Amino acid sequence: MRLAVMGAGAVGGSVVELAADYGHTVTAFADSQSAAVDADGLDAAAVLDRKEQDGTVGDERPEDALTAPYDVLVEATPTTLGDAEPGFGHLRTALERDRHVVLANKGPVAERYADVRALERESEGTVLFEATVGGAMPVLSTVDDFDPEHITAVRGVLNGTANFILSRMGAEGLGYEHVLAEAQDLGVAEADPTFDVDGTDAALKGVIVANVLADNGTEYTLEDADVEGIQDIAGSAIELAQEEGRTVRLIAEVAEGEVRVGPRLVPANAPLAPTGTRNIVQLETEHAGRLNISGRGAGGPETASAVLADVGRLDQ
Amino acid sequence: MSDSTDEVRSYTVRLELVDEPGELLRALEPIADNGGNLLSIFHERGNVTPRGHIPVEVDMEATPERFDGIVDALRDAGINVIQAGAERYSETLTVVLTGHLINTDLSDTLSRIQERTDATVTDLSLSAPEGTEDASSARIRLATEQNATESVMGTIRDLAEEKELRVIEPLAAGGEL
Chain Z
0 MRLAVMGAGA VGGSVVELAA DYGHTVTAFA DSQSAAVDAD GLDAAAVLDR KEQDGTVGDE
60 RPEDALTAPY DVLVEATPTT LGDAEPGFGH LRTALERDRH VVLANKGPVA ERYADVRALE
120 RESEGTVLFE ATVGGAMPVL STVDDFDPEH ITAVRGVLNG TANFILSRMG AEGLGYEHVL
180 AEAQDLGVAE ADPTFDVDGT DAALKGVIVA NVLADNGTEY TLEDADVEGI QDIAGSAIEL
240 AQEEGRTVRL IAEVAEGEVR VGPRLVPANA PLAPTGTRNI VQLETEHAGR LNISGRGAGG
300 PETASAVLAD VGRLDQ
Chain W
0 MSDSTDEVRS YTVRLELVDE PGELLRALEP IADNGGNLLS IFHERGNVTP RGHIPVEVDM
60 EATPERFDGI VDALRDAGIN VIQAGAERYS ETLTVVLTGH LINTDLSDTL SRIQERTDAT
120 VTDLSLSAPE GTEDASSARI RLATEQNATE SVMGTIRDLA EEKELRVIEP LAAGGEL
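Chains as they are written, first to last, in numbering that gives the first Met the number 0: chain Z, 0 to 315; chain W, 0 to 176.
In case anyone wonders, no lab produced these hints; they're calculated from the structure. Note that this is a predicted model, so its numbers are computed, not measured. Keep in mind that a hint or two might mislead.
[Claimed, not checked] Not the full set, but computed from the structure, chain Z residues with beta-carbon under 10 Å of chain W: (1) Gly186; (2) Glu189; (3) Asp191; (4) Asp223; (5) Leu239; (6) Arg245; (7) Ile250; (8) Leu264; (9) Ala269; (10) Leu271; (11) Pro273; (12) Arg295.
[Unchecked claim] Distance ranges between label pairs, derived from CB positions: (13) W:His99 to Z:Gly54: 45 to 51 Å; (14) Z:Asp225 to W:His42: 39 to 45 Å; (15) W:Glu160 to Z:Gln241: 22 to 28 Å.
Don't be surprised by glycine CBs; every beta carbon is placed ideally from N, CA and C.
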């Protein structure tokens, strides 16, 4: 497949780097300022090198990547709230050209799911978005395989930064501010960690799962989610929980048509209490009991592998 | 992992032990040997029953099937099982409250939970590292009738909102996932 990759952050860059390894060719690559286009395939090392040296990927305009020859548009620009632009516009352009779209950007499917599905119905192209929930973990494809109708609930730890903070607070008996600073030093938390610690990121993922489970029924957006963060969790609260064999985790839960994100008490040795930046999703299935999927929920190559798995699904 | 037939739940058993060395250990062995996970042991040494025995309350987690095995094993070992908790209070609910618990009258909070629901507070643990004037945390364990946990949680949420407290709820009814 020929890929056009929009977004040159950790995920977009990793897709460009790994595409050949999965048998695909990158014909266009764009960041917010520039683009490189070559119908015969870009030299991945050269464009990534230029991005690193210069901050640009090529001499063309980002729009040129959208109209380049490609079979699949990989949308890996940052997630934005509200109108989900520019990601949504990129998706629209590709679908109007009857191309497939693979999203790493959560915005379009978390904020404008009905619009995305409507555009997809009008197009020969298909939209896949495995990478938007749980990075490398096959959450949405598993939901799809089981059939959303036979899944009664989905819950999980879907934000590595929040999980790192809570698990360090529990293990070391340290306060929130201290652990957050440590996470920032380690590069686990961003300079502005608001989306991670206030529950927004986990909620976006919950909303995407809810949209998939609703199966073309109700549309969910962030406004439909009940969201609480971890910023005011006291160290003493985690200590007390641990005295009784429990701990605190930021859990996203989709059940009975509701999306809820907040700190919850879970048994300390339960699958839903992973440590560090690890993520886990638990599916409650109607006929097959409970299913756990755990792994790396973020990271450039990890998320890129989910993007390339989606491209592979389109291939078949 | 687990399926619906092996959900781990919390149970309380009330035992009567003879006041002799080694009796408590002898009572706990059948629980551990049969797959129970001990949560807490309340040993009322000063409070002797009319028969001169010492009442002991043991909280544990086990699957329903294992719990039946534990009660049988206790009886086989000659331990006097007064009450095998599952009958009346079949669910244990643990919540953690944080905020100005003391300034907002913690005992009033607890008694209102008990008045407005059919739950009983069985355990309370308070942590106020910054002193009583600052925010503190409390872990409250409640025993409630089966299927009543959602309404108990509703009451706790209302009280927390009124008193501007934060509730960390268990994941599901009973928190045993």
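Taking the hints in turn, this is what the structure says about them:
1. For Gly186 (chain Z), the interface hint is violated, the least distance from its beta-carbon to any beta-carbon of chain W being 28 Å, above 10 Å.
2. Annotation: interface hint on Glu189 (chain Z) violated; nearest CB of chain W at approximately 25 Å, more than 10 Å.
3. A least Cβ separation of about 23 Å between Asp191 (chain Z) and chain W goes past the 10 Å threshold, and the interface hint is therefore violated.
4. Residue-level restraint check for Asp223 (chain Z) is violated (minimum Cβ-Cβ distance to chain W is 19 Å; threshold 10 Å).
5. For Leu239 (chain Z), the interface hint holds, the least distance from its beta-carbon to any beta-carbon of chain W being 4 Å, beneath 10 Å.
6. Restraint check, Arg245 (chain Z) versus chain W: the minimum CB separation of about 7 Å is within 10 Å; hint holds.
7. Interface restraint check: Ile250 (chain Z) against chain W, minimum CB-CB distance 6 Å, threshold 10 Å, status holds.
8. Here the hint on Leu264 (chain Z) is kept, as its CB sits about 5 Å from the closest CB of chain W, short of 10 Å.
9. Residue-level restraint check for Ala269 (chain Z) holds (minimum Cβ-Cβ distance to chain W is 6 Å; threshold 10 Å).
10. Interface hint at Leu271 (chain Z): satisfied, since its Cβ lies 6 Å from the closest Cβ of chain W, which is below the 10 Å cut-off.
11. The closest approach between the C-beta of Pro273 (chain Z) and any C-beta of chain W is roughly 14 Å, which is over the 10 Å cut-off, so the hint fails.
12. Restraint check, Arg295 (chain Z) versus chain W: the minimum CB separation of about 20 Å is more than 10 Å; hint violated.
13. Between His99 (chain W) and Gly54 (chain Z) the C-beta distance comes to about 50 Å, which sits within the given range of 45 to 51 Å.
14. Asp225 (chain Z) and His42 (chain W) have their C-beta atoms about 42 Å apart, which keeps the hinted 39 to 45 Å range intact.
15. The hint said 22 to 28 Å for the Cβ distance between Glu160 (chain W) and Gln241 (chain Z), and at roughly 26 Å that hint holds.
Of the numbered hints given earlier, the model fails hints 1, 2, 3, 4, 11 and 12; all others are met.
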